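A.B. asks: What follows is the residue order along each chain.
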Amino acid sequence: MFDTNITLNQFVEAIGESFYMVGMSLLIGTIFGAIFGILIVVTRPGGIIPFPIVYMILNPIINTIRSVPFIILIVALIPFTRSIVGTSIGNNAAIVPLIIFITPFIARLVENSLLEVGPGIIEAAESMGATPFQVIWHFILPEAFASLILSLTTATISLIGASAMAGVVGAGGVGNIAIVYGYQRFDSFAMFSTVVILIIIVQVIQSTGNKLARMIRRN
Amino acid sequence: MIILEDIHKVYLRKNVETTALKGVSLQVDKGDIFGVIGYSGAGKSTLVRLVNYLERPTSGKVIVDGQLLADRSAHELRQIKKDIGMIFQHFNLLESKTIYQNVAMPLILSKKGKKETKERVTELLAFVGLSDKANSYPNELSGGQKQRVGIARALASKPKILLCDEATSALDPQTTQSILDLLKKVNNEYGITIMLITHEMSVIQKVCNKVAVMEEGEIIEQGSVLDVFGHPKHATSKNFVQTVVRTEIPENIKRKLAVREVTTLTKLEMVGDHATEPVLQSLINKFHLDVSVVFTNMTEIQDTTLAIWYLQIEGKESDKRAAWQFLEEQNVRYEEVTV
Ligand SMILES: Nc1ncnc2c1ncn2[C@@H]1O[C@H](COP(=O)(O)OP(=O)(O)OP(=O)(O)O)[C@@H](O)[C@H]1O
Ligand SMILES: [Mg+2]
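From first to last, the protein sequence lines are chains A and B. All residue numbers for the first sequence refer to the UniProt record's numbering, where the first residue is 1 and numbers rise by one. All residue numbers for the second sequence refer to the UniProt record's numbering, where the first residue is 1 and numbers rise by one.
Rather than coming from a laboratory, the hints here were simulated on the basis of the structure. All of these numbers come straight from a predicted model, not from anything done at the bench. Check each hint, because a few of them may be wrong.
Below, a list of computed lysine-lysine pairs in the DSSO-like style, where the Cα atoms sit at most 30 Å apart [claimed, not checked]:
| hint | chain 1 | residue 1 | chain 2 | residue 2 |
| --- | --- | --- | --- | --- |
| 1 | B | 97 | A | 211 |
| 2 | B | 30 | B | 233 |
| 3 | B | 14 | B | 61 |
| 4 | B | 30 | B | 320 |
| 5 | B | 256 | B | 160 |
| 6 | B | 133 | A | 211 |
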């Protein structure tokens, strides 16, 4: 029907690879991003555990990494990636720069979400004699939960975009299909399908995130 | 119960110093409902936040229940805070949690058992009249109901002191009244000492027994509510008192007096039982004075009455002197005022 060299199987496999790369880097990136995001909120001047040194170190590091375009990050990180996963090509090799890319992004998003929680809530918590950990756990995180879900949705979509560039280091995924078949072999069907698949995935993730956030906010 | 001794508080923000308190001293006794009134920026919030050490004084002592707070470790301070409840102008409830969970929060923080928590929360929700709202969320409640939740939450850890920072300022007059009634009930039934901040003199009038008036970081006047309402000394206090009690003669009456060339009047202030005693009758019958009432005002304060009379009194000097003597014996304050 179409003039294409690509099989359905290859598509399915590529989608699987994309999910693997995005899933792994999202999981690890969220853990570190949340830790850094929380740290930067609580240690800032006027925060619940002011610790200017931590804040002054973390803040510029996050900014620096965030200002490097992902494609450059992949190449620049090759030696580092090799030392960690033993190789600089393949899906696993792509995950390392994806994590480095997404962690500061998530840290910023988490920071913004947590800062949305008003000072009144924190004042109430402190007036009850809550420990700093309790303030974070029982007050800030639950109040920021819906916003955090939306932040993670944004991060996931960003990661999907970035993972499409992972073909540069020989990783698979739908982005790779677009480059290898669509661009290098002029297979416009492959190119078109990739775009459609990406649009659908992004739509589904965004609306799921919105729905979840709305459920948590109950309105 | 609460003693503040020569408190100074200077905020430093972006190298700009703001002096919020300049040598404030006050004492709140057990069982008091102590009101602090002042205009915006007077330092009221700063003052009340010192009591549970949300704010530390730059100098001066904060002593709560016999403990000098400056000497306490962070851990001890957290324990002390559990003995001091606080409610806020904007309620500060957790929107993500049910009313039940909000009220239970102080107990969760103290790691109380499920059963004890349930009993306490159920009791408190009944006390504030919100038993049927246990599973609602704050955004389903009216402002007055939210403040009731705030009060229930503040009482959860069985505090000895309740701090209220503008707790009724976001509420309409009727709701304000119901919250003030609830605060009175808290004071009566649980014997909790209350310190409340407001910029509305009517709030002080309705619930407080003592009041401090603040202006620009200083307490310019303090005392029992009856005293301060009866004879405010400072101009600002007078302005506040005027908002609820008419202690001055209205302008239109003054104009009429001017026409009649009346220049001096006698002002009587009577508090409590005196206010309702037939003092005027005595002046007329016993001392044969010619008394006409120019202006009068009676105000209910703390279940007693404050009465102010402006009288025009004619008669023999000797009779007048005897009358003044009588008034003094009756503990009625009197003064000659020129209009
Ligand atoms: N955290 C802060 N940092 C710097 N300045 C502050 C801070 N909190 C209060 N101030 C300043 O201290 C002064 C007293 O403020 P405070 O909030 O105690 O007044 P207030 O009487 O409660 O006023 P309002 O009726 O508006 O609530 C004000 O000049 C205010 O700008
Ligand atoms: Mg204030």
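A.B. asks: Each hint: holds or not?
C.D. replies: Cross-check of the supplied hints:
| no. | hint | verdict |
| --- | --- | --- |
| 1 | 97(B) <-> 211(A) | 19 Å, holds |
| 2 | 30(B) <-> 233(B) | 26 Å, holds |
| 3 | 14(B) <-> 61(B) | 26 Å, holds |
| 4 | 30(B) <-> 320(B) | 44 Å, violated |
| 5 | 256(B) <-> 160(B) | 54 Å, violated |
| 6 | 133(B) <-> 211(A) | 26 Å, holds |
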